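Protein chains: 2
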Amino acid sequence: MDSIKTRLVQLEVHPGNPRLNTAAMLRHIAAAREEGVQLVVFPEMSVPGYLLGDEWEHPAFLHECEDCHEQLRAAARGITVIFGSVGLDWTRRNEDGRVRKYNALFVADDGQWAGPPGGPYPFVIKTLLPNYREFDDSRHFFDLRKLAYEEQVPVENLLKPVDTRLGKLGCSLCEDAWDNDYALSPLLVLAQQHPALFVNISSSPFTMHKNHKRNRVFSALASRLRRPLVFVNNVGVQNVGKTVFVFDGSSCVYNGCGQRVACSSAFRETALTCEIPLGGRPFGSPVELSHDDISTMYTALAYGTRKFMELCGVRRVVVGISGGIDSSVVAAVYRQLLPGSDLLLVNMPSRYNSPTTRSLAKQLATNLGACYVEISIEDSVSLTRSQIDGLVVRTVDGRSPQRLSLTPFMLENVQARDRSSRILAALAAAFEGVFTCNANKSEATVGYGTLYGDIAGYFANLADVWKTEIYELARHLNEHVYGAEVIPQGCLTVTPSAELSPSQNVDEGKGDPLHYPYHDLLFKSWVEWWDRATPQEILEWYAAGCLEEKLGFHGHVANLFPTAGEFIADLERWWNLYKGMGLAKRLQAPPVLALKRRAFGFDHRESQMGPHYTKKYEELKAQLLRKAN
Amino acid sequence: MDSIKTRLVQLEVHPGNPRLNTAAMLRHIAAAREEGVQLVVFPEMSVPGYLLGDEWEHPAFLHECEDCHEQLRAAARGITVIFGSVGLDWTRRNEDGRVRKYNALFVADDGQWAGPPGGPYPFVIKTLLPNYREFDDSRHFFDLRKLAYEEQVPVENLLKPVDTRLGKLGCSLCEDAWDNDYALSPLLVLAQQHPALFVNISSSPFTMHKNHKRNRVFSALASRLRRPLVFVNNVGVQNVGKTVFVFDGSSCVYNGCGQRVACSSAFRETALTCEIPLGGRPFGSPVELSHDDISTMYTALAYGTRKFMELCGVRRVVVGISGGIDSSVVAAVYRQLLPGSDLLLVNMPSRYNSPTTRSLAKQLATNLGACYVEISIEDSVSLTRSQIDGLVVRTVDGRSPQRLSLTPFMLENVQARDRSSRILAALAAAFEGVFTCNANKSEATVGYGTLYGDIAGYFANLADVWKTEIYELARHLNEHVYGAEVIPQGCLTVTPSAELSPSQNVDEGKGDPLHYPYHDLLFKSWVEWWDRATPQEILEWYAAGCLEEKLGFHGHVANLFPTAGEFIADLERWWNLYKGMGLAKRLQAPPVLALKRRAFGFDHRESQMGPHYTKKYEELKAQLLRKAN
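Residue numbers (this note's numbering), protein chains in the order written: chain Z, 38 to 666; chain D, 38 to 666.
Keep in mind that the hints were calculated from the coordinates and are not lab data. Check before you lean on any hint, since a few could be wrong.
[Said to hold, decoys possible] With a cut-off of at most 27 Å between alpha-carbon atoms, the simulated DSSO-like pairs for lysine-lysine come out as follows:
#1 D:K653 to D:K587
#2 Z:K652 to Z:K664
#3 D:K205 to Z:K138
#4 D:K250 to D:K587
#5 Z:K247 to Z:K587
#6 Z:K547 to Z:K664
#7 Z:K652 to D:K138
#8 Z:K547 to Z:K653
#9 Z:K138 to D:K653
#10 D:K664 to D:K652
#11 Z:K138 to D:K399
#12 Z:K653 to Z:K664
#13 D:K399 to D:K247
#14 Z:K250 to D:K547
#15 Z:K247 to Z:K399
#16 D:K664 to D:K587
#17 Z:K247 to D:K138
#18 D:K205 to D:K399
#19 D:K138 to Z:K653
#20 D:K247 to D:K587
#21 D:K547 to Z:K138
#22 Z:K658 to Z:K547
#23 D:K138 to D:K42
#24 D:K587 to D:K652
Nothing here was measured: the structure is a model prediction, and the numbers come from that model.
Please construct the entire structure, taking both the sequences and the accompanying hints into account.
Below is the structure:
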């Protein structure tokens, strides 16, 4: 065979719904056969979905998957079909005592299963199981290395290409190609058997800049293997409860020189057909891969939000809008997904909200053509104050009398909770919809927000976006998505403020205690960096005078914090919140849409145990403070 | 050597605080040396703590642990000390590309590290890594089997007893002894080298009935190995964010006949000293292990709550009390932990609360001698209703006018949110404390509660306890903890009800839509059973007439649901909620205290993807409904 007419089906996978996914796959197979396609490739875990939590523990679900496999095999008459699903061995157990499950690749070759020759199963087993970020593969799946140990054979004996009517196919699953940190390279082992074509099926969530890295990895692999390599990834959203992942697909074909010669559009279900000449000779011409930028982030954000709404059955949305930038961006994104009659924007002023922001809110609603209403929280806040401030509590027999008072800080939280838990929640119910959480990642990191207040909502689609990036999104929405100033310029220029007290008066330039251009970078170093910074590293860099360079901050830290004492107080203030109340709030916050590395929830796992400062930190701090005196 | 004077230090481990833990360990070592102890054994991960989330990714934290190890080694002059901590190899990487970390056991033998002879490290590496329930060992730690593959030697070469001044010690970590489902038994491999004594250090959270299972496993091991076995476990609480685990310790010594001859009190830091004769001959007399019962559950509940309060720095608590059973039990538990002046009980009546429950609430507060106050929600609920019911919303230019209405169901949720997010949150702030979430596991399973309403709170210490068990706890509190009827009998006999509408009038015997004796067992089969039931199994058992037997239900399902249609409607109603809104609510619910198998949060991991019904279920349902017609 000189070439294979191959179709990469970038399926929208519906997690936990094998029959729905299988029905779509059967339609794709029928269409492909009709069009003379020889090889159809579906993504990893395309039958069951991938991020299913502990659904894998339901035998009834697993049996249903097996029934679907049989339907797919039977449908693959006269064609070769590759798909990912759960491979089962009901006679063996996983190390948790449950039925043996593999993350597997199935090859249905003209109605027959084809597996690696001499192996124990008619499917290919994932060799390398990721256990980082959102991945928990070892929780549910047995890997090929453990199987080799159990069978008392070298791993290499089980790692063989699959013989099909089309030739030898070097089949692998996702992580198998990301072998940099493993003692074993599955694709290089397969290469020793000279497959005609490599296939990698994946279920790999979108992360900003990940496609570029993947391209480097796969391109290098293909040129090293000197064979074409087909990469098929799914689209849609899947979640691990607290964190919602969007899948961009970006399926593509590499020729044996490592050139990316065909690729699918991101973020939609597609079927890309490609005549792939076998052997190592070059074919096709390289397709450029553009760098991810704010436009990519917006696309992922809008797609992820739309798909999550579909998953939850959400058709109508209420957004509390303050006239600030975060809620404006949220409203503008939803207006792209909903008609104006299904989107209700609400401004909920108190005495502290300036005419500036109130009028910006109304202008935004006008520009977006969404429903709009103003509801005051003044009366309710006064009522709460009158019920609690000055209240004397005591035991029933009159002991331990204590007079309670609501401080101004407490009244700020009273206002925030009144807006969300009293107004927005009731309004969303009456509007037959949900209300959104407009928190950004800067706020989420340090818990700058009120629990059951602005932290509440059905979904936090901006909670993986730093405040400084929210401004970029706003400009992108105006300039490229709407092509008009729907988000009023004033929302971009007004001082960021919660407007909950006289000390947060935007007309006097007062607002948030965060200097976002600096704090965003500081927080990013704690959360998103590969080598996460802690106060120790930050203080070491500060002492060495290289903090700005390390963080990539274009200002001068000394301008923000004239003394070491002030610098350290700020550092500890936010670190304490990040590890303390910020975390306590995140645990009760809505699901987050993950767009970047280490989204809160399940991508970045946290334990409540308070802030930790190393001895080295304490010593350096003492030294810096001594010097200052 | 004939015998070893051994001390089992059942340490209270403070997660993420190596210096604090090390300071306590140094004190124990000094005391032990003074008392002529030869061998001191601390638990697994006693230096860093165990459930730390992704704190393992901080190099500064890891370096601090290493500094602590050196202090412990230096302190072990003239004595042998075993402890668990993270073993590091800064020259190698884990499979996620981060620094190589092992879950390790260190032996400091008269000031020198002692490791397995011929191995690459001066510490013992955990061979079997658990990846089920709350455990994520493979996320952070490299296991001995992977190391053997990397070093290209058989695992057995790396699994050797440690030679110490006291003789050969067969050292293992926690899961190494739970080898039933693994292809390798580390302790049997160690036994081939004839150690004088086996030591297993653990960090094993409490789960009802787990000690009995552990005793079977360890007793069988010791008698098979014909050698004494020392088991040391920690106390305290550690958490994985959404789920808080309590550690009971229950450290003990088995003789070579498998008899448990000494054991530490559960739930407190202890140092148990035991002269252990070496070799297989029997010594000591068996100590009976009592079965876990409601008294054990109460002890774990009270201890876990107290330790979690310490972890969070909570000193004052507000409990909303309705006069019902759940909030009464919560209040009675906290009164054991706090003086009456630091515990504020609040009754928040609306027009729907009966004089019965209001007077029960007050009676409870009187009996407990806690502070008490009544705050009405009537005015605020009326205000919310007047602001939203009948409100017309439209676009700013007048299009899409829509009149909103608040249905009676929506008003139920308005009341619940008013109580928690408006009153309790403000009251807790003014009282300088927190407020509790009183939800039980029955409600948590199906989301029978209001988000930002009764689901809110700083901690849900009853959310792993079924409603039927809450009654047992109430009786236990009265009869054994207080020795007086502090929880009024009326709280136990009143119809369980949310009292949010006329349809929930307890004085007319109306209340919750759940028949707890049946639904608790049904939900338990979905959540807690090892082989989790799904609607398919439930319906199969129903059709076969064996559902009562399978669930252990002592009533007749036919009395509750006279027809198949009614049975199926009830089944689907709750399954849909469990997988739908119930889950959405759990994601924003407070941390749960885990007491049993599969507590919500991180022990039972969930993905939002809606309810799934298999084809087999659909077919059986159709058949049953046809038959009924």
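Hints, verified against the model:
{"no.": "1", "hint": "D:K653 to D:K587", "verdict": "holds, 19 Å"}
{"no.": "2", "hint": "Z:K652 to Z:K664", "verdict": "holds, 18 Å"}
{"no.": "3", "hint": "D:K205 to Z:K138", "verdict": "violated, 39 Å"}
{"no.": "4", "hint": "D:K250 to D:K587", "verdict": "holds, 22 Å"}
{"no.": "5", "hint": "Z:K247 to Z:K587", "verdict": "holds, 22 Å"}
{"no.": "6", "hint": "Z:K547 to Z:K664", "verdict": "violated, 33 Å"}
{"no.": "7", "hint": "Z:K652 to D:K138", "verdict": "holds, 21 Å"}
{"no.": "8", "hint": "Z:K547 to Z:K653", "verdict": "violated, 37 Å"}
{"no.": "9", "hint": "Z:K138 to D:K653", "verdict": "holds, 21 Å"}
{"no.": "10", "hint": "D:K664 to D:K652", "verdict": "holds, 18 Å"}
{"no.": "11", "hint": "Z:K138 to D:K399", "verdict": "violated, 55 Å"}
{"no.": "12", "hint": "Z:K653 to Z:K664", "verdict": "holds, 17 Å"}
{"no.": "13", "hint": "D:K399 to D:K247", "verdict": "violated, 39 Å"}
{"no.": "14", "hint": "Z:K250 to D:K547", "verdict": "violated, 61 Å"}
{"no.": "15", "hint": "Z:K247 to Z:K399", "verdict": "violated, 39 Å"}
{"no.": "16", "hint": "D:K664 to D:K587", "verdict": "holds, 23 Å"}
{"no.": "17", "hint": "Z:K247 to D:K138", "verdict": "holds, 26 Å"}
{"no.": "18", "hint": "D:K205 to D:K399", "verdict": "violated, 64 Å"}
{"no.": "19", "hint": "D:K138 to Z:K653", "verdict": "holds, 21 Å"}
{"no.": "20", "hint": "D:K247 to D:K587", "verdict": "holds, 22 Å"}
{"no.": "21", "hint": "D:K547 to Z:K138", "verdict": "violated, 47 Å"}
{"no.": "22", "hint": "Z:K658 to Z:K547", "verdict": "violated, 31 Å"}
{"no.": "23", "hint": "D:K138 to D:K42", "verdict": "violated, 32 Å"}
{"no.": "24", "hint": "D:K587 to D:K652", "verdict": "holds, 22 Å"}
The earlier numbered hints that this structure contradicts are 3, 6, 8, 11, 13, 14, 15, 18, 21, 22 and 23.
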